[in-house]
Amino acid sequence: MAEAGTVLYYIVTLFAASIRMAVPLTLAGLGESFSERSGVLNIGLEGIMLSGAFFSFMAAYITQSIIVGVIFGCFGGLLISMIHAYMSFKCYVDQVIVGIALNFFSLGLTSFLFMAYFGRTTTVPQCPVVKPIRIPLLSDIPIVGDVLFNQDIFVYFMIFACFVSYIILYKTVWGTNIDAIGEHPKAADTVGLNVKKTRYITAIINGCLGGLGGAYLTLALLGFFMENITSGKGFIALVVVILGRRHPFGVLFAALLVGAAEALQYRLQTLGSGLPSQVFIMLPYVVTVIVLLFSIGKSSDPAALGISYKRSSR
Amino acid sequence: MKYTKELVSTLIIILITFLLAAVLIIVAKYDPGMALQSFFYGIFGSLHGFAEIMVRATPLILAGLGVSVAFSTGFFNIGAEGQLYMGAIAITFVGVFLPPMPPMLHIAVAILAGFLLGGIWAVIPGFLKAKYGVSEIITTIMFNYIAINIVGILVRTVLKNTESALPYSPVMPKSLSFPLLLYPTRLHGGLILALACAVLIYIIMKKTTIGYELRVVGFNKRAGTCSGISVYKNIVLASLISGGLAGLAGVSEIAGVHHRLLEGISPGYGYIAIIVALMGRNHPVGVIISAIGLSALQVGANSMQRQAGIPTSITSVLMGVIVLLALGKNIMFSGILKKMRIK
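Those protein sequence lines, which keep their order, are chains V and U. The first sequence: position 202 = 202 (this note's numbering), numbered continuously. The second sequence: position 279 = 593 (this note's numbering), numbered continuously.
One chain only, chain V, in its complex shape (with noise of 0.2 Å):
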């Protein structure tokens, strides 16, 4: 019977790890949805998250506040993707190459800050981390109640925030000119759509929500910073809107599979098993492959993606 218990508590504890770690990821992830169906693909998402990770702790280490932590953390973000919007809308650079200079400018900007600020310190700075919420009532139901009425308010917000996004990408006017512009720029414009304001709120609310996912890892899973603390997870997220093809709960489902594998992971690494714990930290990513590979022949990429829209072009 106890054994029963340990198992049933192991199962709980694996399913709630699974749900903040498919947090970041989720956020991430709609916000690229976001950009990318109106037509911008932004690989600058690792560099949007790393950003926002980072301010959102400078801001929470310096305040001792969350709410601070968290709008630094979206500012964080958000500086990011305008310089992407910018580089990409006014300049027309290739969307992709800019957002591989912006990953290493993020990082580079990060860890130089970072340093510059603390030194070479022994002591790991600490900033305050969120409490999990308990639901009253609805806490109570077994297993279910832990797993998911248990958590801390960013996982509350990742629900709302899917549910939000879905009611504005499939029940307005707004997400199917969103649609229209990432199928067929031109098309939009001649109608009387504006493609670049589209684009740059789409690319507000992706820096924004990748900016708020990069602060969940320093805000509520670590609550410290290191240098590239996102290690992947903005190209993790990238993927997870790939396989949720760009549908608020398809991305948050897919996230919560690459979060399962990522939970499990530490379970893994902890539990002894005499292997390198190189063996689980890879984990995480051949699983992100693999994942891949199921959305073979399903492609439903926007049309225009990562194709800059000038209007004077033919």
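None of these hints come from the bench; they were simulated from the model. Hints should not be assumed to be uniformly reliable.
[Claimed, not checked] Cut-off 27 Å, straight-line C-alpha distance, at most; resulting in silico cross-link-like pairs (DSSO-like, lysine-lysine):
#1 90/V to 652/U
#2 652/U to 310/V
#3 131/V to 171/V
#4 196/V to 445/U
#5 186/V to 643/U
#6 196/V to 90/V
#7 653/U to 310/V
#8 196/V to 643/U
#9 535/U to 197/V
#10 535/U to 310/V
#11 643/U to 653/U
#12 90/V to 319/U
#13 521/U to 547/U
#14 186/V to 171/V
#15 197/V to 90/V
#16 319/U to 186/V
#17 643/U to 310/V
#18 547/U to 90/V
#19 445/U to 319/U
#20 90/V to 445/U
#21 319/U to 310/V
Once you have looked at the hints, place chain U on chain V.
Frame of chain V, contents of chain U only:
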């Protein structure tokens, strides 16, 4: 007049880069004078500095050539880092498990193995892209993380040096070392390999039908298909050459610098190689020049770190900004150029 415009744009980029560096250094409360002095001393101050630039430029040229071949064919290979590590694994396997051989043969076998393993690591994403349209940007990046972890696993298991508790392989036999070119500096024969590869790639890309077809696929897939050039075949071929060259960078790092496999042999050479290819405009000569330039930037930054305590990550900021400015210069600077009456 076109050249004047190019020259002025380049000068503006250099000026902005320097200003940005100065702002970062001053904001972070480091000594800017000391920084400037140590930056240039690190680059021009000694023979050692010159050799160090070339040592770092070697893997950048090799991996940069690889990335440039892929980019010319429209294959966004972001995975040079992982392919480099695969090449390093290959030469280590040759050194540890194959019987002793005469030096020239041994190196040749290692180079071939490194090229193949690096190539295979890129061909998998290449195949997935060409056949199924799977985004190579994602797969090559994931393969980077996987390759780095494979190195971590190997140096703790199969390739572990049993005489030591630390995670690295045994030292490679003497026959698997590149000769030193400029004793007592670290400058090694890998540079010659890199330059030879640059010549070879120049000939292949610009003077042969193979290179022509690769470039056609990169320029316009549809035009290629219409004139009977197989997009599938050329993308797979480009990924093989690209990954192979990055693999050679790994071989060169082991044979010339580290002489054993260990974690972290590359301080991001594979990623910087992307910038090298972009700045070199996918031309072998451009790749060599930009590899040496970016390598000098790093050597200077290392010197700044030693002398003035400035974190080397400043180079990543500057590299990102340089790329953005270089790509957007025509539109960004159009106002300034107009005021200066340069057309």
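Each hint tested on the structure:
{"no.": "1", "hint": "90/V to 652/U", "verdict": "18 Å, holds"}
{"no.": "2", "hint": "652/U to 310/V", "verdict": "22 Å, holds"}
{"no.": "3", "hint": "131/V to 171/V", "verdict": "34 Å, violated"}
{"no.": "4", "hint": "196/V to 445/U", "verdict": "34 Å, violated"}
{"no.": "5", "hint": "186/V to 643/U", "verdict": "26 Å, holds"}
{"no.": "6", "hint": "196/V to 90/V", "verdict": "9 Å, holds"}
{"no.": "7", "hint": "653/U to 310/V", "verdict": "25 Å, holds"}
{"no.": "8", "hint": "196/V to 643/U", "verdict": "21 Å, holds"}
{"no.": "9", "hint": "535/U to 197/V", "verdict": "31 Å, violated"}
{"no.": "10", "hint": "535/U to 310/V", "verdict": "21 Å, holds"}
{"no.": "11", "hint": "643/U to 653/U", "verdict": "15 Å, holds"}
{"no.": "12", "hint": "90/V to 319/U", "verdict": "20 Å, holds"}
{"no.": "13", "hint": "521/U to 547/U", "verdict": "19 Å, holds"}
{"no.": "14", "hint": "186/V to 171/V", "verdict": "23 Å, holds"}
{"no.": "15", "hint": "197/V to 90/V", "verdict": "12 Å, holds"}
{"no.": "16", "hint": "319/U to 186/V", "verdict": "32 Å, violated"}
{"no.": "17", "hint": "643/U to 310/V", "verdict": "17 Å, holds"}
{"no.": "18", "hint": "547/U to 90/V", "verdict": "36 Å, violated"}
{"no.": "19", "hint": "445/U to 319/U", "verdict": "43 Å, violated"}
{"no.": "20", "hint": "90/V to 445/U", "verdict": "34 Å, violated"}
{"no.": "21", "hint": "319/U to 310/V", "verdict": "23 Å, holds"}
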